[in-house]
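A.B. asks: Required output: the full structure, derived from the provided sequences and hints.
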Amino acid sequence: YLLTTVSLFRLRRLQPELPRPVKAFGYPVLPALYIVAIAFLLVVLLADPQQRKFSALGLLIVALGIPVYAVWRRAR
10 YLLTTVSLFR LRRLQPELPR PVKAFGYPVL PALYIVAIAF LLVVLLADPQ QRKFSALGLL
70 IVALGIPVYA VWRRAR
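This note's numbering puts the first residue of the sequence shown at 10, with every later residue one more than the last.
Hints were generated in silico from the structure; no laboratory data involved.
Have a look at the derived ranges for each label pair, beta carbon to beta carbon: (1) Ala72 with Leu39: 25 to 31 Å; (2) Ala33 with Val80: 25 to 31 Å; (3) Phe18 with Pro76: 22 to 28 Å; (4) Ala48 with Glu26: 27 to 33 Å.
These numbers were taken from a predicted model, which means no experiment stands behind them. Yeah, the Cβ is synthetic: ideal placement off N, Cα and C, and Gly gets one too.
C.D. replies: Next up, the structure:
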């Protein structure tokens, strides 16, 4: 969810003229607060020794999407 919300800001900066059939409620304040909240939860989960292993595994899975996306984009 964090990356999706970050992409909202990036897309609006890179393509401001793009039609937006769905509005982001409270933009830019609420999405920014959401990013802060999710980042806080991520830090808390990584700081907890009992959750660290599972949280790190989840981050690894998300991070593996980056090279997959790069390969997919080059293929297009």
